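K.L.:
Those protein sequence lines, which keep their order, are chains A and B.
Position one of the first sequence corresponds to residue 17 (this note's numbering), numbered consecutively onward.
Position one of the second sequence corresponds to residue 17 (this note's numbering), numbered consecutively onward.
What the hints contain is simulated information worked out from the structure, not anything from laboratory work.
Keep in mind that this is a model prediction, so the values were computed, not measured.
Fair warning: there could be bad hints in the mix.
[Said to hold, decoys possible] Ranges between beta-carbon positions, derived for each pair: (1) A:E185 / B:V417: 40 to 48 Å; (2) B:E253 / A:S41: 34 to 42 Å; (3) A:V417 / B:D50: 49 to 57 Å; (4) B:G295 / A:V20: 48 to 56 Å; (5) A:M370 / B:P191: 45 to 53 Å; (6) B:E253 / A:G223: 27 to 35 Å; (7) A:S41 / B:R256: 31 to 39 Å.
For each residue, glycine too, the CB sits at the ideal point set by N, CA and C.
Here is what each chain is made of, one letter per residue.
Number of protein chains: 2
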Amino acid sequence: MSVVEHVSRMAQSAKRVAPELAAASVQQRNSALDAIGEAIEIRRRDLIDANDRDVSAAAASGLEASLVDRLTLNDDRVNAMLEGLRVVRGLPDPIGGIEGMRTMDSGIQVGQMRVPLGLIGIIYESRPNVTIDAASLCLKSGNAVLLRGGSEAQHSNQLLAACIATGLEKVGLNPDSVALIDTTDRAAVSAMVQQKGVIDMVIPRGGKGLIERVSAEALVPVLKHLDGVCHLYIDKEADRAMAVELAVNAKTHRYGTCNTIESILVDAHAVDCLPDMIGALQAEGVEVRGCERVVTANIAGCVAATEDDWYAEYLAPIVSIRVVDGIEAAMAHISQYGSAHTDAIVTDCHSAAMTFLRRVDSSSVMVNASTRFADGFEYGLGAEIGISTDRLHARGPVGLVGLTSQKYVVLGQGQLRV
Amino acid sequence: MSVVEHVSRMAQSAKRVAPELAAASVQQRNSALDAIGEAIEIRRRDLIDANDRDVSAAAASGLEASLVDRLTLNDDRVNAMLEGLRVVRGLPDPIGGIEGMRTMDSGIQVGQMRVPLGLIGIIYESRPNVTIDAASLCLKSGNAVLLRGGSEAQHSNQLLAACIATGLEKVGLNPDSVALIDTTDRAAVSAMVQQKGVIDMVIPRGGKGLIERVSAEALVPVLKHLDGVCHLYIDKEADRAMAVELAVNAKTHRYGTCNTIESILVDAHAVDCLPDMIGALQAEGVEVRGCERVVTANIAGCVAATEDDWYAEYLAPIVSIRVVDGIEAAMAHISQYGSAHTDAIVTDCHSAAMTFLRRVDSSSVMVNASTRFADGFEYGLGAEIGISTDRLHARGPVGLVGLTSQKYVVLGQGQLRV
Chain A
17 MSVVEHVSRM AQSAKRVAPE LAAASVQQRN SALDAIGEAI EIRRRDLIDA
67 NDRDVSAAAA SGLEASLVDR LTLNDDRVNA MLEGLRVVRG LPDPIGGIEG
117 MRTMDSGIQV GQMRVPLGLI GIIYESRPNV TIDAASLCLK SGNAVLLRGG
167 SEAQHSNQLL AACIATGLEK VGLNPDSVAL IDTTDRAAVS AMVQQKGVID
217 MVIPRGGKGL IERVSAEALV PVLKHLDGVC HLYIDKEADR AMAVELAVNA
267 KTHRYGTCNT IESILVDAHA VDCLPDMIGA LQAEGVEVRG CERVVTANIA
317 GCVAATEDDW YAEYLAPIVS IRVVDGIEAA MAHISQYGSA HTDAIVTDCH
367 SAAMTFLRRV DSSSVMVNAS TRFADGFEYG LGAEIGISTD RLHARGPVGL
417 VGLTSQKYVV LGQGQLRV
Chain B
17 MSVVEHVSRM AQSAKRVAPE LAAASVQQRN SALDAIGEAI EIRRRDLIDA
67 NDRDVSAAAA SGLEASLVDR LTLNDDRVNA MLEGLRVVRG LPDPIGGIEG
117 MRTMDSGIQV GQMRVPLGLI GIIYESRPNV TIDAASLCLK SGNAVLLRGG
167 SEAQHSNQLL AACIATGLEK VGLNPDSVAL IDTTDRAAVS AMVQQKGVID
217 MVIPRGGKGL IERVSAEALV PVLKHLDGVC HLYIDKEADR AMAVELAVNA
267 KTHRYGTCNT IESILVDAHA VDCLPDMIGA LQAEGVEVRG CERVVTANIA
317 GCVAATEDDW YAEYLAPIVS IRVVDGIEAA MAHISQYGSA HTDAIVTDCH
367 SAAMTFLRRV DSSSVMVNAS TRFADGFEYG LGAEIGISTD RLHARGPVGL
417 VGLTSQKYVV LGQGQLRV
């Protein structure tokens, strides 16, 4: 059987049992999560042994040390995985609730019920904990899921998939509803993303290369973001001390995250904040690359930015700073160079704040807050399956609700259409 | 220039000016709708003349009489078009509102703002009034739009497009934001639906052939439904008189609409309603095709249904009736033969109603109401751009909100992430 055929059969089999999961009560779905946790606890040593095999093979094959680290499971990481399961179990049921119920002139009542999407595909790389994270969010939201992990984590993932199957079976749910693709053939990814009408949504979790490949090949909807070129704009009416603090936090809190700023835009009337801001960033070890107007201000240690800098997602202790003539120029810069992920303004001017909120076309827009808040947990979603910079279905950080759809429900007492 | 290149340039040009429209105030968008109406009023005679040319050419080419009728504009239809514009103008602004604002433990406030999607593509057939209907809904929701009407309506559509351009210019909006594709080459449709990243959503409005073609070729998201195989299930605890009335209304109110029922499922304990129901349907001129259990009940004039009947969308005075053993069998039938459009139960049993609502996986599910209510106006959406049976973005009747997306907005007072 070809890889395409194999993946297609697994997807169809998961899709077939999806309605059973969608119909399961929240008690049953929560019990399944408990039972999966118990199964992992029971097989904790087997899991760490299986992971050892993956780690040894990866190290022997010369995989980068940082990737080997991501792949590694130890007792602490298994504990974190189990804690993650408990957190998802504790979240409110995202499905079945009816929103917006209203009575129309005809007498019918109309509202919208949250329902599972159906079958979700998750494509990820070396971290085996994604297997449990993704499976638990899909199960909690009543969705069947087809998992495709990194081939380097195959033994770990197979053991985790066995624990998931044990948990599902224990509570009387069909284990086919959480399926791990059991081939390491890379063609399986292409096969997955072309399951139009079978897989309802694919979520790639990994590096830009994976996401680009999935997006280019996908015939099914993909929930994704590619880049995080985020901006902080310092308006002329910004509180200068706040501007410096926000710049430092948004840049240095973590360098490798998509909601970290890469560029700071400073209104020409606010350049008085530059010495303090650049000094504070440099004190944290950040390299500052400035536009001509920053460089000519002659602040020690600033190097000249090139056109490429405005497009760059450094994911590193580097920041570019550009002086702009007002909010329109700032918004034009963000529109041209940004990635529509997260952008913030620092200002005390209400109309500038409102203009920025309304007109900057990004998945998160902020006033006087660190872009690092663009996160499912910080937004109170309770979990995060991904961040979307696309416009359809979900935009910004995506939690359990992003794994659901809605259907209209109508309650009548025999009303006829006239 | 090839058709693909031509369409691609038009799409890019509309996309480029989309942010201007998205930033326009609701007063400006409403004034544009007023000005378009005035331009149509001024050129009313030219419009009817242009339409006469389309109608003559269509009649000469042997187009079906029903299609020629759809193509025809007269004073009444122009009045209806103008009234449609006024209705859309009167709807509340669907964009800019912020929903779900809440304060997190960190002190930031998080909500979601409704924003336009960007650039919508509308592909339709012979009815020229769709030009105004689609353009007005897109303008009202701050979206640029690329229109592709039927080639048989080209003169009418060009004149309407000129009126739209006049209206946009009068209020200072860029006329490129509403663009009519000016080639009658069918390849233009294929070119449109492949504008990934430029056109944000395509809505085909027309027959099944058009929708199938668009769906098969599309690389951009498509808002659509294919079939309307809708069911009415008569539960054992149904009020029998209500069941008969609902069956007649849902079948005979209009035959050609997607929310008309094609099959009636009757619980084996409710077959006592069959003589009245079948009699009432036959009195309206409906042909009844029954399963074996209906036929053996020996009700005059029933013919035997074949397997094909359960899949059929008759769009005609024909209905199939099947006796089923309880709600599980009814739901299994709907799942197998239905089109996930609209399905209803007639029952006085609360738990049967809740089971049906929760488990029938259709874009509208109803209790004790006619399926004919599945409609944007009846649901209070104020307008309807289409009905979606897909699960992502929009499901069920789609009004102005379906032409919008959301972005997160965060308000802080200098909060840093810790």
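K.L.:
Does the structure break any of the earlier hints, and which numbers would those be?
P.N.:
Going through the list in order, the structure violates hints 2, 3, 5, 6 and respects the others.
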